[in-house]
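We have chain A; now place chains B, C and D onto it with these hints.
Protein chains: 4
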Amino acid sequence: IAQENLIMAEPPGNARLEAFSDGVFAIAITLLVLDLKVPELEHVSPTALRAALLAQWPAYLGFLTSFLTILIIWVNHHGLFRQLTGHTRPLLFTNGLLLLVVTVIPFPTSLTSRFILTDGAGVAAVLYCATQLALALAFNVIWSAAYRGHLIQADVRSNYAQIRRGYRAGPLLYALATLLAYPYPLLGVGLCAGLAVFFAVLSYERQNPA
Amino acid sequence: IAQENLIMAEPPGNARLEAFSDGVFAIAITLLVLDLKVPELEHVSPTALRAALLAQWPAYLGFLTSFLTILIIWVNHHGLFRQLTGHTRPLLFTNGLLLLVVTVIPFPTSLTSRFILTDGAGVAAVLYCATQLALALAFNVIWSAAYRGHLIQADVRSNYAQIRRGYRAGPLLYALATLLAYPYPLLGVGLCAGLAVFFAVLSYERQNPA
Amino acid sequence: IAQENLIMAEPPGNARLEAFSDGVFAIAITLLVLDLKVPELEHVSPTALRAALLAQWPAYLGFLTSFLTILIIWVNHHGLFRQLTGHTRPLLFTNGLLLLVVTVIPFPTSLTSRFILTDGAGVAAVLYCATQLALALAFNVIWSAAYRGHLIQADVRSNYAQIRRGYRAGPLLYALATLLAYPYPLLGVGLCAGLAVFFAVLSYERQNPA
Amino acid sequence: IAQENLIMAEPPGNARLEAFSDGVFAIAITLLVLDLKVPELEHVSPTALRAALLAQWPAYLGFLTSFLTILIIWVNHHGLFRQLTGHTRPLLFTNGLLLLVVTVIPFPTSLTSRFILTDGAGVAAVLYCATQLALALAFNVIWSAAYRGHLIQADVRSNYAQIRRGYRAGPLLYALATLLAYPYPLLGVGLCAGLAVFFAVLSYERQNPA
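Chains as they are written, first to last, in the working numbering: chain A, 198 to 407; chain B, 198 to 407; chain C, 198 to 407; chain D, 198 to 407.
If we strip away everything but chain A, and leave its shape as in the complex, we get:
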C-alpha cells in the first residue's frame, strides 16, 4: 500500500527531469542569438551596412553550428530518455553534468567566432572541440548511470551492443578533433560540425532503414 501511495504521488516518471532539461536546452539555444550584434557604423550607407553584416560571417556560422549542436543534443537526449523508466540520484547529477556543458556552449562559440580569423584561432578552436568532447563524454556518463541504475527499458536491451558502440565512438572522434584543432583550427571546428551532422543523419538512418 505504501508503495502504491508513492507511485500515485510522484509525477509520471521523468517528467520534471525532462522539463528542467528542456528549459536549459531551450534557453541555451535561444541565448545564442545574443552573439549576433547590430553593427555600429560611423557613416551609414547600404554598402557599408552590407559589408559590416557580411564581415560578421564567423558569428553566423558559429550561431548555426551551435544551434545545430544543441538541437541534436536535445534530439538525442529526447531519444535516450524515452528508453528510461525513471531516475536515480546519480542520473540527476550526470544529467546535470550534460546541462553544465550545454550552458557553456555559447562561450567557446563566441570565442571561436571572435578569434577564428586571428592568431588566437588555435586556442579558441581547442576549447570549442573540447566542449564537444565533454558533451560526448557526458552522454556516456548518463548512459552508464542509467545502466547501473537499472533504468533502461527491457525492450531496448536487444539493441544494447549497437547503442553502446555508438556512444563509445563519439568521445574518440571528438578527442581526435580536439588534437587537430590547435595546429589546424578550421579543420578541428569543421570536423566537429561534420560529426554533429553525421550523428544526426546516422540516427535518422537507423530509425528509417532503406
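Since the hints were derived computationally from the structure, they do not count as laboratory data. Honestly, I wouldn't trust all of these hints.
Same chains, same names: a pair is fine if it fits in one copy or spans any two.
[As the list claims (entries may be wrong)] Under the rule of at most 20 Å between Cα atoms (straight-line distance), these lysine to any residue pairs were calculated in the SDA-like manner:
id : residue 1 : residue 2
1  : K234      : P380
2  : K234      : A327
3  : K234      : L373
4  : K234      : Y257
5  : K234      : A256
Note that the structure is a prediction, hence the values are computed from the model and not measured.
Chains B, C and D only, in chain A's frame:
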C-alpha cells in the same frame, strides 16, 4: 507486447517536443525587451527624458511587431500540433528549423529598429522580411514532414486542401514583401506586420464562422 | 466518434497555454537580475565597494518590487486558469496581451531605478504605474474573453459577482496611482507596490477566512 | 459532485508550480554563462589569449560553484515536492521566496568573481555566503508552510524528525560561513562550496545506504 511496453513508456505524444518548443518561443518573446534601452542622458530633465524616450519609437514598434509575430507563430504552432498524433525524426528537425528562425527574430528586428530611419533601411528591411519568409517556409516544411510521416489526425484530412492553400499562400506573400523591401523599406516591413495580423484574424474567422 | 477522436488527440485542456505562459513568467522574473550591476570601481577598498553597493538601492528596490509584481501576477494567473475549462482563440490572444505587458515590466523598472532620484522621476514613475495599470486591464480582458467563451467552471459562478468586483477595482486604483505619479513619483510607485501586496494578502484572506 | 468537478478541472497536483519553478531554475542556471566574457585583446597571439583566458579563473570557479549550487537546489526542490500532495497559497509565496534567492544568485557570484582577488573580497564574500544562508532559510520556510498546510505525504512522516534536523542544520552552517567570510573571504566562499557538495553527497548516501 513489446509495442504496448513502448507505448506505455514514452510520454504522451508530443509532450516534450511541445515543451521544448514552448520554451524557445517563451524565451525568444521575452528577450525582445532587451532592445528597449534606458536612455543615457547628460542633463536629466523631464523634457529631455520624454524626448529621449519618444525618439526610440522604432524600437517600440519593432518590439511590438516581433512580439505579435512570435505570439502568432506560437498560436499557429499550437494549432498545428493539436492536429498531429506523434512525431518522426524529420518532424523533430523541421520543427528545429522553425525554432532556428524564431530565435533569430530579435536580430533583424534590432537591425531594422536601428537602421529604418537611415540610408541602411533597405538592407535591414530585406533581412526583416526574409526572416518572415523563412518562418512561412518552415511551417510548410513541418506540414510536409507531418503529412509524409502520416502524423496528421484523420478528422483533419477533410480540411486538407483548404489548410494546404493557406500554408502555400504565406511564402508567396512574404516573398513579395521581401522584394519590395529594398526599394520601399517601410512598405516591406509594414506588409509583413499586416500579413501577421491578417493571418491571425483569418484563422480566428475560420474557427468562428459568422 | 469524430469528436471523441478530437478530445483524445488534444492535450489536456490548457496545458500548453499554461506552459508557454509559465515560460514567459519564469524568464521575465529571472531577467530582472540583469539590472543588478557589479559596480565599477577605480580604487577598490571595502569602504568604496560597500558605498557603491549601497548607492544602488533603487535598483534593489526595483528588483524586489518587480519580482513581487510578477510573482503575484503568476499566482493570480494560476488561480484564474484553474477555473477555466479550456480556451478559445480570443483567450489565447488576450493572454498574449498579458504576457506582452509582463515581458515589458523590466523596462519601466530599469527606467525608474535609473531616474527616480533625478528630475526625470515623474516621467519614469508614470510609465511604471501605467504598466501596472495595463496589467490590471489585461486581466480584465482575459476574464471577459473567458466569460464570453463559456470557459468558466460551473462551480465558480456562485462567486462571480465578487470576483468581478475584484477585477474591476484594480484598473481604477492603478489609474489613480498613474495620475499621482507625475507630480509625486515616489507616492505613485509606492502606491503600486502597496496595491500588489494588498491584492496578494486579500486573495490569501479570501482563501483562508478566519 | 461539485468537488469532483473541481478535481477534474484542476491540473494534477503541483504541475504548474513545478513547471514555473523549473523555468526559473533553468533560466538562472543558464544565465550564469553570461559571466564568461570573451577577452578583449589589443594584440592577439596564442600566448596572450591563453593568458587572458587563464586570468579569468575566478569567473570559471564562480560559474561552476553557482551551477552546482542551483543544480543541488533543483535536486532538493524536486525531492521535496515529490513528498507534497498539493499546495496552499502560503506554499506558493514561500516557494516564490526561494525562487527570488535563486534568481539573485548570479549577482553575488559576479561580485565575488570580480572582487575576490582585491581588497573588496570580504564585502563580496559576505554577500555570497548570505545568499546561501537565504537559500537554506527559504527551504526551511517552504517546509514549514508545507507542514502547516498538511501537504506532506503520509509515508514521509516516519522520516520527519530526520528530515527536520537536516533542514535545521543548513542555516546554522551557512550563518557560520557568513560570519567567517568578512575576515577570511576565501574560507567563507570555500565553506559554502563544500557545504553544497556535502549536502549533495549526504542526500545521495541517505537514498543509497551501504
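To see whether the hints hold, each was checked on the structure:
no. : hint        : in the structure
1   : K234 x P380 : neither (29 Å within a copy, 24 Å between copies)
2   : K234 x A327 : between (26 Å within a copy, 18 Å between copies)
3   : K234 x L373 : neither (32 Å within a copy, 27 Å between copies)
4   : K234 x Y257 : both (10 Å within a copy, 19 Å between copies)
5   : K234 x A256 : both (9 Å within a copy, 15 Å between copies)
Figure legend: structure checked against the earlier numbered hints; hints not met, in rising order: 1, 3.
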